[in-house]
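*Asks:* The lines below spell out each chain.
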Amino acid sequence: MMMRRKMVLRVVSKLLIPFILLFALYVQWHGDFGPGGGFQAGVIFASAFVLYGLIFGLGTLRTALPSWLTRLVLAAGVLLYAGVGVASLMLGGNFLDYDVLAHNPLHGQHYGIILVEFGVGLTVFAGIITIFCAFAGRAAADVNPSEPEQAGDTGND
Amino acid sequence: MTFLAEHIAVLVVIVPLMAAPLCVVMRCGVASWGWATLVAVGNFFLSIVLIQHVMTNGTIVYDLGGWEGPWGIVYRVDEVGALVVLIISAIAAIVLPYAKESIEREIPKERHYLAYCMMLLCIAGLIGMAVTGDAFNLFVFLEVSSLATYVLIALGSDRRALTAALRYLILGTLGATFYVIGLGMLYMMTGSLNMTDLASLLPAVQNTGTVHVALAFIVVGFGLKLALFPLHVWLPNAYTFAPSAVTAFLAATATKVAVYALIRLIFTVFGDVDPLESYGVRPAVMVLAIAGMFAGSLIAIYQSNVKRLLAYSSVAQVGYMILGISIGNAPAMAGGIIHMFNHALMKGSLFMALGCVFYVIGSVKLEDMAGLGKRMPLTAAAIVGGGFSLIGVPLTVGFISKFYLVQGALTEGMWPVALLIMLSSLLAVIYVWRVVEVMYFRSPAIGCEERSEAPMSLLVPTYVLLGAAFWFGIDATFTGDIAMSAAQTLLGGSK
Amino acid sequence: MIEYAFPGLLNYWIVFLLMMIGLYIVIAHENLIKKIVGLNVFQVSVFVFYISMAKIKGGTAPILADGIEVYSNPLPHVLILTAIVVGVATTALGLALVVRIQESFGTIEDDEVREKEEQDK
Amino acid sequence: MNIEIITSDLLEVATLVIMGITGLAIARIRNLFAVVMLSGIYSLMGATLYVILDAVDVAFTEAAVGAGASTVLMIGTLALTSDRELATPNARTVKGIFVCTLIFAALVYGSFDMPLYGDPLAPVHQHVAPRYLGESMGEIGLPNVVTSVLASYRGYDTMGETFVIFTAAVGVITLIGRARRKKSGKDGGSGS
Amino acid sequence: MSPETLILLSLAIPFVGSLLLLFSGPASANVRDGLTVITAIVLFGVVWHLIQIVDAGGRPSVTLVEMLPGLSITFTLEPLGMIFAGIASFLWIVTSFYAFGYMRGHHETNQTRFFFCFAIAIMSAIGIAFSGNMLTLFVFYEVLTISTFPLVAHSGTDEARRAGRVYLGILIGTSITFLLTAVIWTYVEVGTLDFRQGGILAGNAPEGVIAVLFGLYIYGIGKAALMPFHRWLPAAMVAPTPVSALLHAVAVVKAGVFSVVKVSVFIFGLDTLQNTGASTWLAYVAAATILLSSLVAMRKDNLKARLAYSTISQLSYVVLGAMLATNIGALGSTLHIVMHAFGKITLFFCAGAIIVFAHKTEISDMHGLGRKMPVTFFCFFIAALSIIGLPPLGGTWSKWYLALAAAETDQVIFIAVLMISSLLNIAYLMPVVLYGYFGKEKPAAHDAHDHGHDDHGHHAPPEHPLLRHLTFGRPGVAEAPVLCLAPIVLTTVGCFVLFFYADRIRIFLDPVFGG
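Chains as they are written, first to last, in the numbering used here: chain B, 71 to 227; chain Y, 21 to 515; chain X, 16 to 136; chain G, 351 to 542; chain V, 6 to 520.
Hints listed in this document are in silico derivations from the structure and should not be mistaken for laboratory results.
Predicted model, so just to flag it, every value in this text is computed and none were measured.
Take these hints with a grain of salt, some might be off.
Think about it this way: if two alpha-carbon atoms lie no more than 20 Å apart in a straight line, the pair counts; the simulated SDA-like pairs of lysine to any residue are [said to hold, decoys possible]:
no. : chain 1 : residue 1 : chain 2 : residue 2
1   : X       : 131       : Y       : 180
2   : G       : 445       : X       : 32
3   : X       : 131       : Y       : 324
4   : X       : 72        : G       : 361
5   : V       : 365       : V       : 310
6   : X       : 72        : G       : 402
Sequences are here, hints too, so could you generate the full structure?
*Replies:* Shown next, in the form of structure tokens:
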């Protein structure tokens, strides 16, 4: 583990991470009223995990967030967004017409926006984690001399 | 059925778009392939419904989110748009069945499902570009398709695929950003992003420097995406080193969609009067188009890698499309439009045939293809057939395009242009014939004389597309009608 | 119109200059990471251009509140939110490609890569 | 003239100038680590500027993404490659300066007909935007107009944007992801 | 069967035949050759039937496909085309027999591809003959070019490939650059491409356009081998002799000049050409081609090359007739298509027989060969006389009408050209015969060739009786085998017969040139 001995970092980050997550949730659900929304929330939420990964190692992060899970979340986010659109199609509106989601168009809009923002948040969160892990995983492989990369190779898997 | 008819414009986009995440969830190459193929074929039928609907009921305007333009995003599908959607989904429905064997040979197994996911995203992005009526939405879907394209190209088995993808990424992003700058200026002058709305607002500010510069930026931006000479530098390597199935798909669709988007922007957004004329850029565009026709063909003649040869030929063919637009009368414009369709058919089938070659002999270098006529008679015949189309031999689609183009040039009295078109076809004869000669009149290298044809799963899709290239060359009424009426609509503003 | 005399168009010109710095980095530098940084600079400058045009002097952020009359235009903000995301997505992909190029060619200088490509022929 | 407005304008121009200096530094410096840091600072300055220009949502995003995520990714890339840039050939410099000057001239030419900065009568403030500002409360019911436009009026764009992120993430896995079967024993290798 | 069906049938027969022999070819050479003959005979039967229908005044027409409104693949029969179709299909039978003897005697490879392309070439010749509009003609014109390319490059040697490139380059180059431009231009001017008696451009286009268009057409039809686009024809002589005989003496080149006549008559109208004078300068070009290529022919020692230049010269007779733009001139042209076809195919057959069975290609090596191959040389002599234009041989009539036309238009210079050309014909054709009969054999050269021949014999399987040298029971005679000799004799007889039937052909053509 690269940072096993850095006690201060470990303690501070352990304290910090819950607050970051909380802030992300606030940004996610408060975006309708102030600045913020799914996108920013997703990034912040992910940053907490990135921090975790940096301090405690990629393997530990992957135990908490296995790759199948991030992929599932990644797909679930976009599908949730598009799914809201399909739902409004099914309910007789145009694609992404939230008016039909509830009896009152205003409520419908509200539900719709909350749902799609959530979808955005999920995808962005999972996306950033995925990208980070890919780069970090590559770095971990890079220091491993047992796997020389051949020129012209499509890549090792 | 009314549901289908009502929402068909958006369905053609979201079906492949929503299918893509499922591929990632599956994590299984064969299952993803089956799923992607199913979706592509389904989408092909949807696009047939779409074009029928457009042809009977006229242009579809679909308000996404129920917000009408210019406040929301609208989809606006006219005849050409529907034709472009049909091209994309038809090519996808043919390339995907083909892709299985080809991708299994060229891409490591763990990445298959990712490749299919990217394929679906690319399809959705391209279709989204074709149907949108919102100038900024165009950018978003341009990026969806572009990002997927970069990844697909980088999957090629040669390491040069990586650099090809990165260079394309850099130039493509520059192009897209140029477009965004141009669009920003238009928005600044009009306050709208909706294409129809822009068209009605632009005449008032048409003579401002801002709008002129905006047009220039949009043309350069899309010029990069559609490989307009001399902005084509990314294309040859990208097509050469991408996996065969990807090359076939991209060559058949990507540049055409960009051309179509440019046509839309120039003629419907700027189109209150003939924009090329009123902005005084007709000669420049025409010169670039002709230069592209000749430069592309001339460079193609000297290539020793056949994929690369065809890639340069694509640069030349894009020149034809742009030339058709720049001449500015209905037949020439129809020629440009119909060539988008026709070129998709011929280049698609040619690259698929080359994929067969690569599958069997592991190379597409000219010298390695010696004696191919004997070793792989069906594949070689397909290459010859596609080559005829490139030349523009009658009864192939290439002839129809050239007929319209030359007709347009002559109607306008530009007979030197007509002669130049013909001369550039001669260059096509030369590069096609180089390949044919090597395949049929040179003996194969020692040790590979025996016959070994590509598997049926590769050959059948190739021949389906090739058959289409002949079918629409023999009976061009369908495509000709659409192109002609679309051309008249596009130019309608100028009369 | 005196209150619009400053900065007038000056800020747009500076923004254009910023764009050109980005573009220059993309064109003139061989290092692939630097090219991608250049793309970023270019794009951020374009974003600034959009956001600048949305501004109304004396306006406030478009979050509706009582007692405020003048809001800046929210639409470019939305567009740029999207564009930022697209930008970072492109950057991520570009960097992934750079990593692969480094692994395959052993360098990320475009001219050196090109030399090695010549040898592949 | 309102003193607040003048301050804001001065602040804006000053920030732009700082960004310009940062940009030039990025172009000149050959230590890539510094370049990446400067690039982050450039984004951060951009975010500051967005706040001045009333675009708080954008500023928030730019700070999180441009200054945060992008920089992390770039540093990650540097760790995998090298942090020195070699000298640039002169021919390229000349070409770059030539092209950029040309485009700059075009842009400046185009700017002469633009509405002045901050003009409330500019077309952008007349056509579509007033409807968002005026009607969104009644149609959507949210005070943050940016959210209304983002998620509802132009919700489809946002969906496209989400798919862009999705594409990029999947693309990155495709390019540099590692398969499950390899290196399961090591802490770093089993990622994505 | 209705005439319409017959039209399609006559295109389908060679096509289907070609496909059949493509698949049967590898199985058995005899089956393949049998198929070729049957296809050829059936085709001629159908064409002959159609000729009679046309003679009776029928003008059947059928549209195969409509590519775009106003652009269709249409076949319409009229006498001019029937003449061409008749010659091509009749001579195909003859050539088939000859080709078996030749190809087997020569032990050629890739025979299946050879006969396949041959059949496709014949199909396109028929298509050209039947075409009802300019587009159809153009389509089949191109198919003919492409299908004959493999025949030219047949041997696959560097020389053959180079020749193939010249062949394709000139023919495709001219046809795409000039002819296609002209076709589309015509369409732009008048909105139709249908052949019509009196011409579709007549009165529908400005004079300047007509002049330019006509030039484009005539030079676009590279197969007419008008100078300076004649180089492909000598180049094509690397092909096996049956190809040179049927295609480069009959089908391909005649397709070219036939197209010239057809364009002059049905697109422009002879009256239009006469009134605008658009064709005058081309008449001079044709005259120059006649003389120049005759002069070149005299200097060629290679027999096939000499015949090739002779063909170029003779083709320009046809072009000249059309350029004179009178009915008599055009009639002379059409007749010359027929007469020259029989004469030249005989000459090529003879040349082929000499190449295969005496292994001589250069005229200077043929001294005394007439004594060894008496029949071949006699036939060569007769055919040469027909080309020169002496009675009682077919060639007389065509030159007669051409001269008449020149006189009619008061262009005496062309009469002089025809006369000089006839003298030149004598000068380059007669020496072959004279050397053959009266020259002294060169022993050294003879030995070398004989040796080569023996070599052949070693590797070749036992020869079929039809492929054995005929000796007529006389020592020193080693005549070509029956399979080759019979076609030669037949076409020679044809030259005679045509002298007596020329008027019948004129009557047949009356509906076109009757005015």
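*Asks:* All the hints need checking, so say for each whether the structure fits it.
*Replies:* Hint-by-hint comparison with the structure:
1. Taking the CA atoms of residue 131 of chain X and residue 180 of chain Y, the gap is near 9 Å; set against the 20 Å cutoff, the hint holds.
2. As the CA atoms of residue 445 of chain G and residue 32 of chain X are separated by approximately 17 Å, the hinted pair is consistent with the 20 Å bound.
3. Restraint check for residue 131 of chain X and residue 324 of chain Y: the C-alpha separation of about 19 Å stays at or below 20 Å, so the hint holds.
4. Between residue 72 of chain X and residue 361 of chain G, the direct Cα distance comes to roughly 13 Å. Compliance with the 20 Å bound is thereby established for this hinted pair.
5. Annotation: proposed proximity of residue 365 of chain V to residue 310 of chain V holds, straight-line Cα distance about 13 Å (limit 20 Å).
6. Of the supplied pair hints, the one linking residue 72 of chain X and residue 402 of chain G holds, its CA atoms being roughly 11 Å apart against a limit of 20 Å.
The structure is consistent with each of the numbered hints, conforming to all of them.
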